[in-house]
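Q: Sequence order for the protein chains is U and Y. Residue numbers are given in the UniProt record's numbering: position 17 of the first sequence equals residue 17, and the series is strictly consecutive. Residue numbers are given in the UniProt record's numbering: position 39 of the second sequence equals residue 39, and the series is strictly consecutive.
Be aware that one or more of the hints could be misleading.
Each pair may be met inside one copy or between any two copies, as identical chains are not told apart.
Taking lysine to any residue and the SDA-like style, the derived pairs with C-alpha atoms no more than 25 Å apart in a straight line are [to be verified]:
#1 K22 to N123
#2 K45 to N123
#3 K96 to L57
#4 K188 to I156
#5 K17 to K96
#6 K140 to Q86
#7 K17 to D80
#8 K53 to L166
#9 K45 to N110
#10 K197 to R38
#11 K53 to I97
#12 K53 to K136
#13 K53 to P157
#14 K175 to P99
#15 K96 to R38
#16 K96 to G78
#17 K40 to P90
#18 K53 to G174
#19 K136 to G42
#20 K53 to A189
#21 K53 to N120
#22 K201 to I103
#23 K17 to K60
#24 K96 to D80
#25 K22 to P132
#26 K204 to R55
#27 K45 to D12
In case anyone wonders, no lab produced these hints; they're calculated from the structure.
Protein chains: 2
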Amino acid sequence: MTIDYRLYLVTDETLPKDELLKKVELAIQGGVTIVQLREKSGNGKVFYEKAVKLRELTEKYQIPLIINDRVDIALAVGADGVHVGQSDLPAPAIRKIIPLSMIVGVSVGNPEEAREAELNGANYVGVGAVFPTTSKADAKVLPPGMLDKILETIQIPAVAIGGINLENVSMLGGKNIAGIAVVSGIMKANDPFEVAKAYRKLLK
Amino acid sequence: MTIDYRLYLVTDETLPKDELLKKVELAIQGGVTIVQLREKSGNGKVFYEKAVKLRELTEKYQIPLIINDRVDIALAVGADGVHVGQSDLPAPAIRKIIPLSMIVGVSVGNPEEAREAELNGANYVGVGAVFPTTSKADAKVLPPGMLDKILETIQIPAVAIGGINLENVSMLGGKNIAGIAVVSGIMKANDPFEVAKAYRKLLK
Numbered sequence: 001m002t003i004d005y006r007l008y009l010v011t012d013e014t015l016p017k018d019e020l021l022k023k024v025e026l027a028i029q030g031g032v033t034i035v036q037l038r039e040k041s042g043n044g045k046v047f048y049e050k051a052v053k054l055r056e057l058t059e060k061y062q063i064p065l066i067i068n069d070r071v072d073i074a075l076a077v078g079a080d081g082v083h084v085g086q087s088d089l090p091a092p093a094i095r096k097i098i099p100l101s102m103i104v105g106v107s108v109g110n111p112e113e114a115r116e117a118e119l120n121g122a123n124y125v126g127v128g129a130v131f132p133t134t135s136k137a138d139a140k141v142l143p144p145g146m147l148d149k150i151l152e153t154i155q156i157p158a159v160a161i162g163g164i165n166l167e168n169v170s171m172l173g174g175k176n177i178a179g180i181a182v183v184s185g186i187m188k189a190n191d192p193f194e195v196a197k198a199y200r201k202l203l204k
Numbered sequence: 001m002t003i004d005y006r007l008y009l010v011t012d013e014t015l016p017k018d019e020l021l022k023k024v025e026l027a028i029q030g031g032v033t034i035v036q037l038r039e040k041s042g043n044g045k046v047f048y049e050k051a052v053k054l055r056e057l058t059e060k061y062q063i064p065l066i067i068n069d070r071v072d073i074a075l076a077v078g079a080d081g082v083h084v085g086q087s088d089l090p091a092p093a094i095r096k097i098i099p100l101s102m103i104v105g106v107s108v109g110n111p112e113e114a115r116e117a118e119l120n121g122a123n124y125v126g127v128g129a130v131f132p133t134t135s136k137a138d139a140k141v142l143p144p145g146m147l148d149k150i151l152e153t154i155q156i157p158a159v160a161i162g163g164i165n166l167e168n169v170s171m172l173g174g175k176n177i178a179g180i181a182v183v184s185g186i187m188k189a190n191d192p193f194e195v196a197k198a199y200r201k202l203l204k
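Next up, chain U with everything else stripped away, as it sits in the complex (with noise of 0.2 Å):
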């Protein structure tokens, strides 16, 4: 499976149900690639019914879904990947249960770990926080030069993350990056139809 990782969706984990899927929908109808489904409430039983959704709709529209941390949840839906940081399951033992259809991400924030990731098999690395971001309480923002330093050590896709918006997203231009992930810039936005479409544009 090739994935276009250029407009990549992380949902927000405070949204009920129903508004996650309509917001998503409408996410993906304005150009979104790929969807992250990212749920730190705990609780497993409404983690899971929310990703058997989101399965259902990524597969209406043919986008690829991706479970964050959650290995079992990615397996039980069929998710097409799993999205793991630096304090969830190693990828060597996410690898050992997964079919080798799955792709796994890392979140990295030095070349060290990017490098590791790489060399356990990541079939791509989240790279951030590139911006100051209020979405992930302990995200870190890189120092000046990071993102380079790391897009040089590796030679996997590598998606920005962490507070990017419409109006910084231009300074990510012309990185090496596969694409860029974007939180509550999408999904606290009151049309992320006109969002994501406005992304895209901005992405050519």
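Start from chain U and add chain Y according to the hints.
A: Just chain Y, lined up with the frame of chain U:
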């Protein structure tokens, strides 16, 4: 695999790895027949690392290892089973992604939940809280007669859990239970070996 549920140890979530391992080993030497790793910290990496070590330890003593909630971690370490609550991944979703040899346990608090668990292919149920407990903030004590009602409803083994200690365990005598689950009674004990031995003696 025939599981001996008689003295079912549920590990406490607050212990560092080395202390956890030491206490569990002493408890096994004292007579614990099955171990469940319960870890609610949300750090998947720490949970996984504890599970790897507990897998080694339980294999050494030929004791079944059950993982709470995280089916992916159970799969990754080759645990003997998973245990889930009413807010975790539903049993039918779990069955789809685990080998036939793995067992599934479900926490239940009334006959409806017990019947549903059995119909969904659970291998056993955890029934509680049979006594007031401090280990689990959201655990509600069963009303009088409820344990018997649940036990009458199902054919699969039932393990009583919640606030069981050396003083009150005799109140469960004569009940049609496969075993008792102990959390802080063993994990918070200075000498888990002696405490486990004392439970085994009382269970005779």
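Q: Hints first: check each against the structure and report whether it holds.
A: Cross-check of the supplied hints:
no., hint, in the structure
1, K22 to N123, "neither (29 Å within a copy, 38 Å between copies)"
2, K45 to N123, "between (28 Å within a copy, 20 Å between copies)"
3, K96 to L57, "between (28 Å within a copy, 21 Å between copies)"
4, K188 to I156, "neither (30 Å within a copy, 47 Å between copies)"
5, K17 to K96, "between (31 Å within a copy, 23 Å between copies)"
6, K140 to Q86, "within (13 Å within a copy, 35 Å between copies)"
7, K17 to D80, "within (20 Å within a copy, 33 Å between copies)"
8, K53 to L166, "neither (28 Å within a copy, 47 Å between copies)"
9, K45 to N110, "between (34 Å within a copy, 19 Å between copies)"
10, K197 to R38, "within (22 Å within a copy, 45 Å between copies)"
11, K53 to I97, "both (23 Å within a copy, 18 Å between copies)"
12, K53 to K136, "within (24 Å within a copy, 31 Å between copies)"
13, K53 to P157, "neither (28 Å within a copy, 34 Å between copies)"
14, K175 to P99, "neither (32 Å within a copy, 44 Å between copies)"
15, K96 to R38, "both (22 Å within a copy, 22 Å between copies)"
16, K96 to G78, "both (16 Å within a copy, 11 Å between copies)"
17, K40 to P90, "both (18 Å within a copy, 18 Å between copies)"
18, K53 to G174, "neither (36 Å within a copy, 46 Å between copies)"
19, K136 to G42, "both (15 Å within a copy, 15 Å between copies)"
20, K53 to A189, "within (21 Å within a copy, 45 Å between copies)"
21, K53 to N120, "between (30 Å within a copy, 21 Å between copies)"
22, K201 to I103, "neither (27 Å within a copy, 51 Å between copies)"
23, K17 to K60, "within (17 Å within a copy, 45 Å between copies)"
24, K96 to D80, "both (16 Å within a copy, 17 Å between copies)"
25, K22 to P132, "neither (27 Å within a copy, 43 Å between copies)"
26, K204 to R55, "neither (28 Å within a copy, 51 Å between copies)"
27, K45 to D12, "both (17 Å within a copy, 23 Å between copies)"
The structure shown violates the earlier hints numbered 1, 4, 8, 13, 14, 18, 22, 25, 26.
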